[in-house]
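Residue numbers (the working numbering), protein chains in the order written: chain A, 50 to 403; chain B, 50 to 403; chain C, 50 to 403; chain D, 50 to 403.
Calculated directly from the structure, the hints in this document are not laboratory data.
The beta-carbon is built from N, C-alpha and C at its ideal position, and this holds for glycine as well.
Check the hints yourself; a few may be wrong.
If you anchor each label on the Cβ, the simulated ranges turn out as follows [what the hints assert, rightly or not]:
(1) B:E78 to D:E160: 36 to 44 angstroms
(2) C:G229 to D:T90: 42 to 50 angstroms
(3) A:G229 to D:E78: 53 to 61 angstroms
(4) A:D155 to B:E86: 52 to 60 angstroms
(5) A:T117 to B:G334: 31 to 39 angstroms
DMTMM-like mimics (lysine to aspartate or glutamate), calculated; alpha carbons at most 25 angstroms apart, straight line [as the list claims (entries may be wrong)]:
(6) A:K246 to A:D112
(7) C:K196 to C:D116
(8) D:K154 to A:E358
(9) B:K245 to C:E358
(10) D:K246 to B:E86
(11) D:K246 to C:E171
(12) A:K245 to C:E337
(13) B:K245 to A:E337
(14) A:K245 to C:D308
(15) B:K154 to C:E95
(16) C:K245 to B:E337
(17) D:K245 to B:E337
(18) A:K175 to A:D186
(19) C:K246 to B:E392
(20) D:K154 to D:D187
(21) C:K245 to A:E358
(22) C:K246 to A:E95
Number of protein chains: 4
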Amino acid sequence: MAITTGIVGAAGFAGIELVRLVLRHPDLELSIVTSNELAGTAVASEYPGFVGATDLAFASHDDPALDTCELVFLAVPHTAALGMAPRLVAGGSTVIDLSADFRLKDPVVYEQWYAARHTAVELLEKATFGLPELFPDDLVRAAAAHKMGEGTLVACAGCYPTATSLAAAPAVRAGWVVPGGVVVADAVSGVTGAGKKASARTHFCFADENLEAYGVATHRHTPEIEQILELDGRLVFTPHLAPLNRGLLSTVNVPLASDAPLDAASIIEHYRAFYGDSAFVHVLGVGEMPKTSAVAGTNNAHIGLAVNERARMLIAVCAIDNLGKGAAGQAVQCANAVLRLPESAGFDRAAVPV
Amino acid sequence: MAITTGIVGAAGFAGIELVRLVLRHPDLELSIVTSNELAGTAVASEYPGFVGATDLAFASHDDPALDTCELVFLAVPHTAALGMAPRLVAGGSTVIDLSADFRLKDPVVYEQWYAARHTAVELLEKATFGLPELFPDDLVRAAAAHKMGEGTLVACAGCYPTATSLAAAPAVRAGWVVPGGVVVADAVSGVTGAGKKASARTHFCFADENLEAYGVATHRHTPEIEQILELDGRLVFTPHLAPLNRGLLSTVNVPLASDAPLDAASIIEHYRAFYGDSAFVHVLGVGEMPKTSAVAGTNNAHIGLAVNERARMLIAVCAIDNLGKGAAGQAVQCANAVLRLPESAGFDRAAVPV
Amino acid sequence: MAITTGIVGAAGFAGIELVRLVLRHPDLELSIVTSNELAGTAVASEYPGFVGATDLAFASHDDPALDTCELVFLAVPHTAALGMAPRLVAGGSTVIDLSADFRLKDPVVYEQWYAARHTAVELLEKATFGLPELFPDDLVRAAAAHKMGEGTLVACAGCYPTATSLAAAPAVRAGWVVPGGVVVADAVSGVTGAGKKASARTHFCFADENLEAYGVATHRHTPEIEQILELDGRLVFTPHLAPLNRGLLSTVNVPLASDAPLDAASIIEHYRAFYGDSAFVHVLGVGEMPKTSAVAGTNNAHIGLAVNERARMLIAVCAIDNLGKGAAGQAVQCANAVLRLPESAGFDRAAVPV
Amino acid sequence: MAITTGIVGAAGFAGIELVRLVLRHPDLELSIVTSNELAGTAVASEYPGFVGATDLAFASHDDPALDTCELVFLAVPHTAALGMAPRLVAGGSTVIDLSADFRLKDPVVYEQWYAARHTAVELLEKATFGLPELFPDDLVRAAAAHKMGEGTLVACAGCYPTATSLAAAPAVRAGWVVPGGVVVADAVSGVTGAGKKASARTHFCFADENLEAYGVATHRHTPEIEQILELDGRLVFTPHLAPLNRGLLSTVNVPLASDAPLDAASIIEHYRAFYGDSAFVHVLGVGEMPKTSAVAGTNNAHIGLAVNERARMLIAVCAIDNLGKGAAGQAVQCANAVLRLPESAGFDRAAVPV
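Chain A extracted, bound-state conformation (with noise of 0.2 angstroms):
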């Protein structure tokens, strides 16, 4: 029987690309979504790409349809999620928490990054990190808890940290770098990133035709990076915005101590072997590189490797969606861990070749 979903935040570019998602989803029934400043437009009037495809309009946040919902998925600002989850998850349901109010472990740093009093700690303890490759135990543990009948919440990992860890990780843990050495991650987005509000920097003039960094030494997906890959003060993330619309290059340049590997072809055989299990992760050959154009509307992570080898620098490129496996690819992912669904029920396998 299907599973009844709610999306908050439908009208947002992540929670668009959620509705999309949910509605061609084979367990999922798309019961509500909801927008408070397009309450009582039709999907498809905002979004025509919708037209034919769903009749639904969004509802306020306050409906009380929601709380009937099995599933509900989070796609709103930092601190709006903190005033809804704790109810969401008390009456059972599984929430999937686009948000980045409950990434962070620490309170404390969540305070200094975003700027506000974390007001949800006992939730953020029992909270769930969702990055299926690379925490895939608690998100079982999760699966669990929600098989008892326990609401859960899943708090899904930022766009730029997960193609930058997945980049990463695999080097990392495997005690590859230098000690004390620094990681540099540059970035690259598109520019949906930036979100739906118009506003000079998402302007059509001032983007096409442009590159940009920007937020530079103070990106708040730094912290998260940081915990994701256990480097306290050891990462220099620098997010640059480009001319397309969906797309999320991450270039991680990791020193590499003494005794780790510098042939590609080792490092690329180790990558593979680390995320052998992975439906959605593939690590490219020697001498490829991936190309965000690849990855479009998936939910797919391509990873290429190469060596500096005067250097000793491994450099680690990961492309995403920054909507798909960036924001709802991997919402949907980790619901479908929750739910004990398969993996890869509701994704495409293949992005649009050209």
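Since the structure of chain A is provided, determine the placement of chains B, C and D on it from the hints.
This is chains B, C and D only, laid out in the frame that chain A set:
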């Protein structure tokens, strides 16, 4: 049981979109994909969007496995299908031809516009024209022939003819065109319409940030549109190129006779009745105009309608994905019709929303 | 001695392009640029392309320095110029108005299309229409008035009217249009044409990879084109949006009378004679069609011509930069004419090649 | 009197931008432009942005008119300049070489990275490296030699080396790099950087909506950057491709020594002092980061600076136009220096604003 399927010319843009559609089609099994240029290359190596999705490699066009396919798509340049189709049809296959070789009913017209002799006139006479919403009976006949075990050939309509004719046909067939009146269609296509061949026209740096008309007064889709709409010598068709990948918008100006309706609401009602049975064609409401982004990656067509009352002109605008409803999608739709599969089998109903 | 110059509404897209053109103009000295919204902000802070090029900051619209300017450009929304222009003209300034307020000769037509009362009818009657290639004598008269010390107002033609009229005028004025015939203009613009205001329409993620028509049968440039070409009620004009910054292409379909020429070569010869004196309008050869990229950043217009003989239709295609010849460039060209400066003063002749 | 100028390889992207810059240069007169492939074709026919701006046609490389030029730009692939430059210099010309043939001081390094023998070692020893802000004295010496009537050769720095070195040099030369520290430069280029040749890489449909790294750990600009910054084996350089025409952004991560400053304000002050005399390099303020759109079409470089204090890393970001300061602009700047013309002669100071 799955229908064994082959795609000839699978490395081109229409061909590779067919690969994607056939792989996800519940009733088709992709047995062979061919490309003389790339024979031996893995599909996922040339198009990395297929990494993890298929292990198929391109075979050459003369691979004998083709002859065992129940269903064969020909995504080849014009004149190439002339040589391949007769043998496949004679062998009992259902051939869905995306080339221009069997679209024009009159071989003399073909020879005028394509500067090539038509060497398969016998098959041309039996060929079915593939534009299901406008010529449904032809596909019913082809399905009946297929059921009798006969080979069949469907010549799918081209991208510009599809969008232009879907926009104009309900008005034209209602007899609304002023006697002797000329229909003006100005259409704009994304660059995938120019094909995979690297050239000055398809070079990023020449196509980016540029708009241009091409093939003015000489484009080969002109006689095809005239044939569909029965507008002998009374069509002016001008195609344009714009900097995007997928998408085709045709703005069709239909001069209205004195007894034709002039209010958009009535015209929309007529169009909706005309397309009432279609899963793919959607007629928008008063004041709404289609966006190509809302149909990208799908087999959908969106139509918007407005009237310039002073000039008594209907402006009918149709948006399709030139590789979807304009090529590979329409081909699969035609295959579904001939094989008596559900019309929507293999298709997503919603486009990627952003 | 340099002519003191002010730009009102300098922070918009047409305004800021004027800033660039005036700064590089050998005979003009930019004294003041205004923007109520950005008053106090440095130009180079809002538009970093001016870092190192000017230290000017935006002033407010009511800054008294404006009144001391010999030359004032108004790059303001319609109705705003109605309030500003009369005082400036009365003060003896040469006012070059880029708004729509003084373009339509008949205030009744203005009030119909712009839903606003025309409050400066006296000035409207004396205003000069600014489309130098088609109305050169008007500018000669304005120059004479200026020489006599009188204030003058030039109402520059809009972007779509400029491209469309340059394409059609030589044929229309030659009497080649079939009696009662309707001219169909389908035009495509880059997103700078939609202005600086951040909105769903100008959001990168909605404009990118999309084509659409807008303002169908209702666009306010329609009566202006009809006025220029004297085609009362016999023009169908449909604007479209495509994903590029600068560029406007108008494809104009002119139905030819029985005594009009049908061969492209003769028509091109006529057009070249018509534009013989122009520094900016270039008529391309047989088989050549214009590209907007070839005129971006310039004041040039390129025109290509072809004939559909069977339908007796001339297809005249004109490419301009909507911010150049379609706005700021034309404004400077008009200023040059009134001030008796060389026609090309301040302009580059070549576009950036790629 | 105007200086007679020739451009060899004028049909490529750097070459044609040189054509534009030389045509507008007040002191240079463009006598000859060559392209073996397009010999006989009018410049304005291949690049329609020059319609009305020049009547020149491409000549072949061996046209004797080249030998009479006082100034010759070589915009040819590597190894081609090896054969042309010695003769031209011997004839007394000032040769500005945009190829890689005379950039690397050590011919052994050249032969390693370019897989070709260096056949003009004598000239290499006398060649001037063309990156005026970092090596001004070399150009002073070249100017002195020119004044004595000697032929000279300037080997202009490449696009990535220019942006990367301008970002890093003030810190590196101040001794701020931690001993043994590795500098990590991740740079992104527009597609003009990939050249005019039509290929899969430059095909619109593969470049559009895509991000990728390329030449990872193998790009030929690596030894050039190491040479400029004297970072033997301590540079990791990864170039990326993004979907825009012009623009190059290099994000350079410089690990700071214990006695280096950590506050951005002090570092900016140091950089501004370092570049105090430059007309083209602009160091942005605290919290500001450069945009490539703000330098497109110019010879400007914008630099933004930030510090990650916990990781003791300086993040220096430089934006240039890869065809401007990264190629043709720098070449003209070098020519100006050798010929003792004003540094800014021929350049616009402002970029097109939007």
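So, going through the hints one by one against the coordinates:
Here the CB-CB span from E78 of chain B to E160 of chain D is close to 54 angstroms, at odds with the stated 36 to 44 angstroms. Look at G229 of chain C against T90 of chain D: about 45 angstroms separates their beta carbons, and that is inside 42 to 50 angstroms. The given range of 53 to 61 angstroms is respected by G229 of chain A and E78 of chain D, whose C-beta atoms sit roughly 60 angstroms from each other. Checked against the given bound of 52 to 60 angstroms, the beta carbons of D155 of chain A and E86 of chain B, roughly 56 angstroms apart, stay inside it.
Separated by about 32 angstroms at the C-beta atoms, T117 of chain A and G334 of chain B satisfy the suggested range of 31 to 39 angstroms. A hinted pair counts as satisfied when its Cα atoms are at most 25 angstroms apart, and K246 of chain A with D112 of chain A qualifies at roughly 23 angstroms. Of the supplied pair hints, the one linking K196 of chain C and D116 of chain C holds, its CA atoms being roughly 19 angstroms apart against a limit of 25 angstroms. As the CA atoms of K154 of chain D and E358 of chain A are separated by approximately 23 angstroms, the hinted pair is consistent with the 25 angstroms bound.
Our distance criterion of 25 angstroms between C-alpha atoms is broken by K245 of chain B and E358 of chain C, whose separation comes to about 32 angstroms. At most 25 angstroms may separate the alpha-carbon atoms for a hinted pair to count; K246 of chain D and E86 of chain B meet this at roughly 20 angstroms. Simply put, K246 of chain D and E171 of chain C have alpha-carbon atoms about 59 angstroms apart, too far for the 25 angstroms limit, and the pair is violated. At most 25 angstroms may separate the alpha-carbon atoms for a hinted pair to count; K245 of chain A and E337 of chain C exceed this at roughly 41 angstroms.
Between the alpha carbons of K245 of chain B and E337 of chain A the distance comes to roughly 21 angstroms, so the proposed pair stays at or under 25 angstroms and holds. Restraint check for K245 of chain A and D308 of chain C: the C-alpha separation of about 56 angstroms exceeds 25 angstroms, so the hint is violated. With a CA separation close to 60 angstroms, the supplied pair K154 of chain B and E95 of chain C exceeds the 25 angstroms bound. Distance restraint check for K245 of chain C and E337 of chain B: the Cα-Cα separation of roughly 24 angstroms lies within the 25 angstroms cut-off, and the hinted pair is therefore satisfied.
This hinted pair does not check out: K245 of chain D and E337 of chain B have alpha carbons roughly 41 angstroms apart, beyond 25 angstroms. Pair hint K175 of chain A plus D186 of chain A holds up; C-alpha atoms about 14 angstroms apart against a cutoff of 25 angstroms. Annotation: proposed proximity of K246 of chain C to E392 of chain B is violated, straight-line Cα distance about 43 angstroms (limit 25 angstroms). Simply put, K154 of chain D and D187 of chain D have alpha-carbon atoms about 13 angstroms apart, close enough for the 25 angstroms limit, and the pair holds.
For the hint linking K245 of chain C to E358 of chain A, the alpha-carbon distance of about 48 angstroms lies beyond 25 angstroms, and the restraint is violated. Restraint check for K246 of chain C and E95 of chain A: the C-alpha separation of about 20 angstroms stays at or below 25 angstroms, so the hint holds.
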